[in-house]
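Whole structure, please, built from the sequences with the hints as guidance.
Number of protein chains: 2
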Amino acid sequence: MTSPAPTASAEAQSAPGVTRDHRSGPARRDAEATKAAIVRACRHLLARHAHTDITLKAVAERAGVSAPLILKYFGNKDALFSQVMNFEADVEAFLDAPLEDLGRHMVRHLLIGQSEHGADPILRIVFAPLHGEQGDILRANFRTQVSDRLTECLHGPDAGLRAELAVSLLLGLGVMYGIARGPHVRSAPIEEITERYGPAVQAQLTPGTLTG
Amino acid sequence: MTSPAPTASAEAQSAPGVTRDHRSGPARRDAEATKAAIVRACRHLLARHAHTDITLKAVAERAGVSAPLILKYFGNKDALFSQVMNFEADVEAFLDAPLEDLGRHMVRHLLIGQSEHGADPILRIVFAPLHGEQGDILRANFRTQVSDRLTECLHGPDAGLRAELAVSLLLGLGVMYGIARGPHVRSAPIEEITERYGPAVQAQLTPGTLTG
Numbered sequence: 001m002t003s004p005a006p007t008a009s010a011e012a013q014s015a016p017g018v019t020r021d022h023r024s025g026p027a028r029r030d031a032e033a034t035k036a037a038i039v040r041a042c043r044h045l046l047a048r049h050a051h052t053d054i055t056l057k058a059v060a061e062r063a064g065v066s067a068p069l070i071l072k073y074f075g076n077k078d079a080l081f082s083q084v085m086n087f088e089a090d091v092e093a094f095l096d097a098p099l100e101d102l103g104r105h106m107v108r109h110l111l112i113g114q115s116e117h118g119a120d121p122i123l124r125i126v127f128a129p130l131h132g133e134q135g136d137i138l139r140a141n142f143r144t145q146v147s148d149r150l151t152e153c154l155h156g157p158d159a160g161l162r163a164e165l166a167v168s169l170l171l172g173l174g175v176m177y178g179i180a181r182g183p184h185v186r187s188a189p190i191e192e193i194t195e196r197y198g199p200a201v202q203a204q205l206t207p208g209t210l211t212g
Numbered sequence: 001m002t003s004p005a006p007t008a009s010a011e012a013q014s015a016p017g018v019t020r021d022h023r024s025g026p027a028r029r030d031a032e033a034t035k036a037a038i039v040r041a042c043r044h045l046l047a048r049h050a051h052t053d054i055t056l057k058a059v060a061e062r063a064g065v066s067a068p069l070i071l072k073y074f075g076n077k078d079a080l081f082s083q084v085m086n087f088e089a090d091v092e093a094f095l096d097a098p099l100e101d102l103g104r105h106m107v108r109h110l111l112i113g114q115s116e117h118g119a120d121p122i123l124r125i126v127f128a129p130l131h132g133e134q135g136d137i138l139r140a141n142f143r144t145q146v147s148d149r150l151t152e153c154l155h156g157p158d159a160g161l162r163a164e165l166a167v168s169l170l171l172g173l174g175v176m177y178g179i180a181r182g183p184h185v186r187s188a189p190i191e192e193i194t195e196r197y198g199p200a201v202q203a204q205l206t207p208g209t210l211t212g
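Order-wise, the sequence lines are chains V and W.
End of the first sequence = 212 in the working numbering, gap-free, step of one.
End of the second sequence = 212 in the working numbering, gap-free, step of one.
Treat the hints as calculated values from the structure; they're not laboratory data.
Bear in mind the structure is a predicted one, so any value in this text is a computation, not a measurement.
Glycine is no exception: its CB is placed at the ideal position from the N, C-alpha and C atoms.
Just to be clear, a hint being listed does not mean it is correct.
To be verified - Some chain W residues close to chain V (C-beta under 8 Å, calculated; not the full set):
1) 126
2) 181
3) 195
4) 197
Stated by the list, open to error - Per the computed footprint, the stretches of chain W lying under chain V, defined by three or more beta-carbons under 8 Å from a beta-carbon of chain V, are:
5) 91 to 100
6) 136 to 147
7) 182 to 188
Structure follows, in structure tokens:
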């Protein structure tokens, strides 16, 4: 399980909207940063409006880019939405740790994403009810790309149920941090929450081993 | 911690829309059933639309009652929404167990609500981003009526953080069951999930005690 996604620091360094992708190196990095800004803007809007009510113009305005640039990168609005409703790119880094440390890794990874980028690898499943039939696509993607993918990493009986319960723990932490905005969770050091919460995730992944 | 709320069975027995509240006994029960149906309809819509876009007529249609009946019971639309954005009535029964068994009790209570009534005592916090300033009211209520209320039940250091982490676990289970609709969680017996997941909740409530 490797992590081919653009690094967070590259995203942070490049200003969105600056595109020079006829050049190499920095230009490619800028293009990735702009795409990431568009995806973030789209995620923000999909958490608040039915996808049928979201215009390309609204995404462009929020991302600070032009609508034609979105079309250039993503083809059309539906293709952009499909990408946002897909978990594959995020799950790669989320699962990128040895099984015996995966519980703590996922907790830490989620909290870093939430606190540093306001992003969460899996939380957007909670907005499925907003999106009618598209919500069912989101659910199907979530099942195959998150729950089933984690199940494949596990050994022993009831792996499917244990994977769903581990994912439940991580969804709940994302809701508490990013939506309910619990003051204690938001002010505690990431490592402290990782130590307190990671073992509960790990207990679902590798039951019967020492997790404390 | 007692549970004065109308019982689920009374709700299930009475058809919504039938009101005879000039009489006593069954009439009062019917009125409660109708109010519950209106609240359920309102919750359903608030999970899918900004509150500013929800009409009294839409709530009435979904609940199978007339709009004037809603006004009779709740006064006005804002008062109805305030009640739906309040957790107090639900948290009463959710927390109604001795501390040493509270983890399992909350897991069981949540799963019974989800599976038998399609309702969850705390999950509606996830729709806060839909509702602008009303979402902040929902967050404030959640903090005082759910997290802080649970904190008051706990002993020892870091009770506020431990309460938020316990609530995180329960939020995540609600998301997995009711929104992501995880097939394993939905098909496993409630007692099995309670035995697998309850100890993780309990470990936040009473750390250091045996929870397995």
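Quick rundown of the hints versus the structure:
1. The beta carbon of residue 126 of chain W comes within 5 Å of a beta carbon in chain V, closer than 8 Å, and the hint placing it at the interface holds.
2. The restraint placing residue 181 of chain W at the interface with chain V holds, with a minimum CB-CB distance near 6 Å, inside the 8 Å limit.
3. The interface hint given for residue 195 of chain W is broken, as the beta carbon of that residue sits about 11 Å from the closest beta carbon of chain V, more than 8 Å.
4. At its closest, the beta carbon of residue 197 of chain W sits 6 Å from a beta carbon of chain V; the interface hint therefore holds under the 8 Å criterion.
5. With 0 residues having a beta carbon nearer than 8 Å to a beta carbon of chain V, the stretch 91 to 100 of chain W misses the requirement of three or more and the stated coverage is violated.
6. Counting residues of the stretch 136 to 147 of chain W whose CB lies closer than 8 Å to any CB of chain V gives 4, so the stated coverage by that chain holds, three being the minimum.
7. Evaluation of the coverage hint for the stretch 182 to 188 of chain W: fulfilled, as 5 residues show C-beta separations to chain V shorter than 8 Å, against a requirement of three.
Checked against the numbered hints given earlier, this structure breaks hints 3, 5; the rest are met.
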